[in-house]
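Build out the structure end to end from the sequences listed, making use of the hints.
For the protein sequence lines, the chains are A and B, in the order given. Start counting the first sequence at 1; every next residue gets the next number (my numbering). Start counting the second sequence at 1; every next residue gets the next number (my numbering).
Simulated from the structure, these hints should not be mistaken for laboratory data. Each statement offered as a hint is correct.
Just so you have them, the derived chain B footprint on chain A, three or more residues with Cβ under 8 Å:
#1 193–201
#2 236–244
#3 318–326
#4 332–340
From the derived model, a few chain B residues whose C-beta atoms are all more than 10 Å from chain A:
#5 Ala109
#6 Arg121
#7 Pro313
#8 Pro319
#9 Asp327
#10 Gly349
For glycine and all other residues, C-beta sits at the position ideal for the given N, C-alpha and C.
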Amino acid sequence: MGRRVLVTGAARTTGQRLVGALAEEPEVERLVAVDDLEPQAPFPAKVEHLAVDLRSPALVRTVQSAGIDTCVHLGVTAEPRAAGGRVTMKERNVLGTMQLLAAAYHAPDLRRLVLKSTTAVYGAAAGDPAVWTESMSHGSPRHGFGKDAIEVEDYVRSFHRRRPDVAVTVLRLANQVGPTVDNPLTRYFELPVCPTVLGFDPRLQFLHEEDTAEVLLRSILGPAPAGTFNVAGDGVVLLSQAIRIAGKPPLPIPEPLVNWVAEMVGRTVDFSPEQVRFLQYGRVADTSAAADQLGFIPKWSSLHAFEDFAATRLRRLVTEEQVTRVEHDVLDLLRRTAGWLARELPR
Amino acid sequence: MTPRERCRAHTKKGERCRNPAGPDGLCALHRRRLVGGATPTPEGGAPGARTPPDDAAEGGAPGEQDLGPLGPVLDWVEEALEFLGRRVLGEYEVDEFGHDPDLVEHVLAPLLRPLYRHWWRVETRGLEHVPDSGPALVVGNHAGTLPFDALMVALALLDEHPAHRSLRMLAADLAFNLPVVAPLARKSGNTLATAEDATRLLEAGELVGVWPEGYKGLGKPYRERYQLQRFGRGGFVEIALRTGAPIVPVAVVGSEEIYPMIANLRRLARLLGFPYFPVTPTFPALGPLGAIPLPSKWLIEFCPPIETAHLGPEALLDPMVLFDLTDRVRDTIQQTVHRNLLARGSAFG
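Take a look at the structure:
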């Protein structure tokens, strides 16, 4: 018997990519895509699109009657504006998850639950350990996405206690980049100048969108062990370095003015206060558990993932050719001068 | 997009060259040194000897010209330009702690080197006690208001140790809260003084530096100079036991005199959020000029390592082992400091 998979948040970039990949798997017999948004491109023919909010009773009926065995929850969002304000975002994130889990509790065939969470659950502060592992107790972020994700993870854990027969995999993903990703951070790098916090240069990790799809696929179809895993590209990139790779001029803002500027910029990139803290202190998560237990090693390192994003999406002000040419011209001039001096002076 | 290929040559220190490579797999600098400079000349001259310049050379590759005494200057300019190019394009790598060896090599170390060589005339002994590879915990005394002693120990290991080791130091959280200081602290290889970070570094085979006296040592008055303060709660011993890393005590003489602290304005310090606010004979009386450290004579001595691997992790359960080891390390440093103080003679000699 084939697999019957339900994916929430299916109409956004990550969801669409995953649904497209799942539709090609012969193993997957039935594929239900839940999202009240219309997908940017139509879903493949195999997919049943359930255009409802997570809080709708139709969801409960589907989860039960369709005999869903795997539930993939991608519906936790980081974008207050797209969700219709912070209050609505929280409601969708947390209450939507509660409703989904309530439906899942009554699904007799359910064997696997995959949650797309975020490394934002670790927050961002000066006193943080340099590298977070999954088991470290973390100061809880008080705002936004990170707080929602913590609450969602808590509900998922409590679900696991009530339904121990369901294998629960929680993936804490680092910030995603790639040719088609659209999130607050990619919009930040698409600004004409990148505002930074004066005197701070945080360490960032990126995850390429191909790797996001790959790790989700593996957790859905592979022999995935239950557990919580950080997922990020190898290595770290400094914000200053990312801005240089993006080829943008940085705009350092003194700390006292940061929130004011963020509010102004926030209108275009959908920035929340926690993301400002992230751009001040950064965060790095250890990915060895995902490699050891999940067997997942990202194809793209943080640096390569960001370079791919920058190359496909951004137009840099300073190009490699220009830098090489200036280097070459200056040296050539100096060398000629020095050569002339060496010949002329002894005479 | 694939990243640019790196040069396949090695630097003078034996590390991989980080410059971007050209079509032949070498950066401009090494292409000239290895291909242009080191091939024997057709006249049978020794490798490195260059043919005298003639008019025919003018149209040829610029690297084959004899530039006379200006050659080394041009090499330096070329390296600096390549460094700037890498920075502008973002072509460098930092590790997960934020350590940026490219920046240290080209900017931070060159800034500190004059202080090390000329201002404080640092003499370093016992470098053979620091392993060439693998983890070790370097534990030192801490003094001098600003943590220059830590920087000098790190520079001694980077410049004078045969393996040119990077010392990854554990710093107070204040360092990661201050603008400008915070990113520099990370880029020069430091991290927050927590058990998690220290263990992670040691397990990765790094050389970790810890100054257990902390602010008590840095901010102590001049009259208490060269008297080691309490060594915290001995957390560093726990970390060494857990990872089996040897402890290398290091004694620094000279740092106490750079900013002789005659008073501490506690209220002002509390107001500013600093652990102390020093008053020295020149600071704050002379303003920014008072921030110039005095040119004392420095001696740094690494002591024989204290092995911890044979004790095993069960020693962690025994507080007596922890206390004994802590005291042993502290006594070693204190005795070496006293011995070297006598050996040094005059503080500014």
